[in-house]
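Chemist: Next come the chains, spelled out residue by residue.
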Amino acid sequence: MRTLSTIAVGFDGSPNAKAAVRWAFNLAAPIDAKVVVVHALGMLGRFEGHDAATEIEESVRQLSDDCGLDAARVHFHVANGDACSVLIRMADDPISADLLVVGSRGQGKHPGLLLGSTSLELAEHATIPLVIVPSL
Amino acid sequence: MLIMNGRYEDAGHEESGHPERPDRITAAMAGVDDLHLGDDLKVVPAYAATRAELARVHEGTYLDELGAFCYAGGGDLDEDTYATYDSWTIAQYAAGGGLAVINELKRLGDGVGFVATRPPGHHALRDRAMGFCLLNNISIAAASLIEQGERVLIVDWDVHHGNGTQAIFWDKPDVMYVSTHQSPLFPGSGAAFEIGGMSALGKTINIPLPPGATGDVVRRAIDEVATPSIVEFDPTWVLVSAGFDSHRDDPMADLSLTGGDFAALARTVAGFAPGPGRIAMFLEGGYDLAALRHSVASTLGAVLASAYEAESPSSGGPGTEMVQNAQAERLVALRIAQEAASKGDYST
Ligand SMILES: [Zn+2]
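Going line by line, the protein sequences match chains U and Z. For the first sequence, numbering that gives the first Met the number 0 gives the first residue as 0, with consecutive numbering after it. For the second sequence, numbering that gives the first Met the number 0 gives the first residue as 0, with consecutive numbering after it.
The shape of chain U in the complex, shown without the other chains (with noise of 0.2 Å):
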């Protein structure tokens, strides 16, 4: 098995994905991973104008403090795409992921649904092993 250097976890600002972000961040912080923290810059979110990269290191800095884990180990990264195809690069240069993480969002409306559940879309998908943290 391959050692857990790299863990990049799906970021969206979403209490969902606060709770995956936790759960890596309480994962890196004993066996020195690095954690990168990604957020897929859609369509809509270009247009609406977010200032993505600043927000997301806004909610996730404070999180790593909780965490105890040091900020030199936390990463973001920022890409345009849909989450899926976003998280599914992520095991690929440059970041090279050894472990995916994401909340398990989406799944409420239409349970047993595939459609509209980015960490079931991911579960089909994904190339690397993969976790999906409920949120409680």
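A couple of the hints might just be wrong.
[To be verified] According to the in silico footprint, chain Z covers these stretches of chain U (three or more CB under 8 Å from chain Z):
{"#": "1", "region": "32-43"}
{"#": "2", "region": "66-80"}
{"#": "3", "region": "83-97"}
{"#": "4", "region": "114-126"}
[Claimed, not checked] A few chain U residues that don't get close to chain Z, going by computed Cβ distances all over 12 Å:
{"#": "5", "residue": "Leu3"}
{"#": "6", "residue": "Pro14"}
{"#": "7", "residue": "Asn25"}
{"#": "8", "residue": "Glu54"}
{"#": "9", "residue": "Ser103"}
{"#": "10", "residue": "Leu129"}
{"#": "11", "residue": "Ile131"}
{"#": "12", "residue": "Pro133"}
{"#": "13", "residue": "Ser134"}
Hints were generated in silico from the structure; no laboratory data involved. Beta carbons are placed, not taken as given, at the ideal position from N, Cα and C, and that holds for glycine.
Position chain Z with the ligand relative to chain U; hints supplied.
Modeler: Okay, now just chain Z with the ligand, sitting in the frame of chain U:
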């Protein structure tokens, strides 16, 4: 003569505040009206594409899921893409509108096709909706043509890369996919080194452009990077993913094209068709209604030789170097892939 689909009831596919909205079709149709075509306009009714027609492109499980998702009340399919209760029916008509126009062009052996349907299609994958797209309308039309033995050129001048169309025909030698698009931008694909699968090497041509690129750069990109391969491919049909979000007034991105640029591009692309009745333009993006209306009129006016006056073509923007780099990157990728193929290594 212009062959166009009739409008069907697409108002049910709408989400408050979303830029992919019914007014877009109203604007596109107003652009056609501005050409005053009279008897030179023939409208054919759209129909709901059949399961077999959709299944040439999309996985059956995806079609089932999409239908079920809509009938369960719809919702957000991803951060960009919505569906409503009515979207499944409307998406089938959007795909069927393209097939109806193609069928009529074939029957007449004449004319230029315009498919003004929504939701748009070029981001939709075999098994997934994305980027406002549910079913890949242009791919469904192309798949029907290749089943009839045609060789299909798809030119995509939407500001976004048509990742869905590229993926669907990635390894299909009967389709050549040529895309100019802004980069970096959603969906993040469309690098010059993406050249097609081992059975279709060189039949995907991507020309990324920087923000601010003007029409002269886009025209040069087509002339210098794509045209030699297109001539060699010798298409029997030409389909265009005519997205007008590459217009300078569009809020979705930052290319600087004008109506005059679309007119020039349309003339060039029409020149790739082997004869009349073998070209159809499919509406993709375009979110500024005035720019959309003018761009539709400019594009169609150019290929129909109408007297419609388009905005002046644009020039002087950045991108010449990026196009040259794209050409170089593409040639390197082709050489590496061809060497791998000659050694029987299909892993790339
Ligand atoms: Zn577009």
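Chemist: Counting residues of the region 114-126 of chain U with a beta carbon closer than 8 Å to any beta carbon of chain Z, are there 3 or more?
Modeler: n = 4 at 8 Å, threshold three: holds.
Chemist: Verify this label for me: Pro14 (chain U) is non-interface relative to chain Z, using a Cβ-Cβ cutoff of 12 Å.
Modeler: holds (16 Å)
Chemist: Verify the coverage statement for the region 32-43 of chain U against chain Z, using a C-beta to C-beta distance below 8 Å and requiring 3 or more qualifying residues.
Modeler: holds (count 5)
Chemist: Over 12 Å from every CB of chain Z: does Pro133 (chain U) meet that, or does the non-interface label fail?
Modeler: holds (20 Å)
Chemist: Please settle this one: Ser103 (chain U) was flagged as non-interface, so is its CB more than 12 Å from every CB on chain Z?
Modeler: Holds, because the least Cβ-Cβ distance between Ser103 (chain U) and chain Z comes to about 15 Å, which exceeds 12 Å.
Chemist: Between the region 83-97 of chain U and chain Z, see if three or more residues pass the 8 Å beta-carbon test, and mark the coverage as holds or violated.
Modeler: holds (count 4)
Chemist: Once the closest CB in chain Z is found, is it more than 12 Å from Ile131 (chain U)?
Modeler: Consistent with the label, Ile131 (chain U) stays out of reach of chain Z, its closest Cβ about 16 Å off (over 12 Å).
Chemist: In terms of Cβ atoms, is chain Z entirely out of 12 Å range of Ser134 (chain U)?
Modeler: Holds, because the least Cβ-Cβ distance between Ser134 (chain U) and chain Z comes to about 17 Å, which exceeds 12 Å.
Chemist: Is it the case that Glu54 (chain U) keeps its Cβ farther than 12 Å from each residue Cβ in chain Z?
Modeler: Correct as stated: the minimum Cβ-Cβ distance to chain Z is 14 Å, above 12 Å.
Chemist: Does Leu3 (chain U) really sit off the interface, with its C-beta more than 12 Å from all C-beta atoms of chain Z?
Modeler: At roughly 26 Å from the nearest Cβ of chain Z, Leu3 (chain U) sits farther out than 12 Å, so the non-interface label holds.
Chemist: Beyond 12 Å from every chain Z Cβ: check whether that's true for Asn25 (chain U).
Modeler: holds (26 Å)
Chemist: Confirm or reject: Leu129 (chain U) is not an interface residue toward chain Z, with every Cβ-Cβ distance exceeding 12 Å.
Modeler: Since the minimum Cβ distance to chain Z is about 17 Å, Leu129 (chain U) lies beyond 12 Å and the statement holds.
Against the hints set out earlier in the document, no violation occurs for any number.
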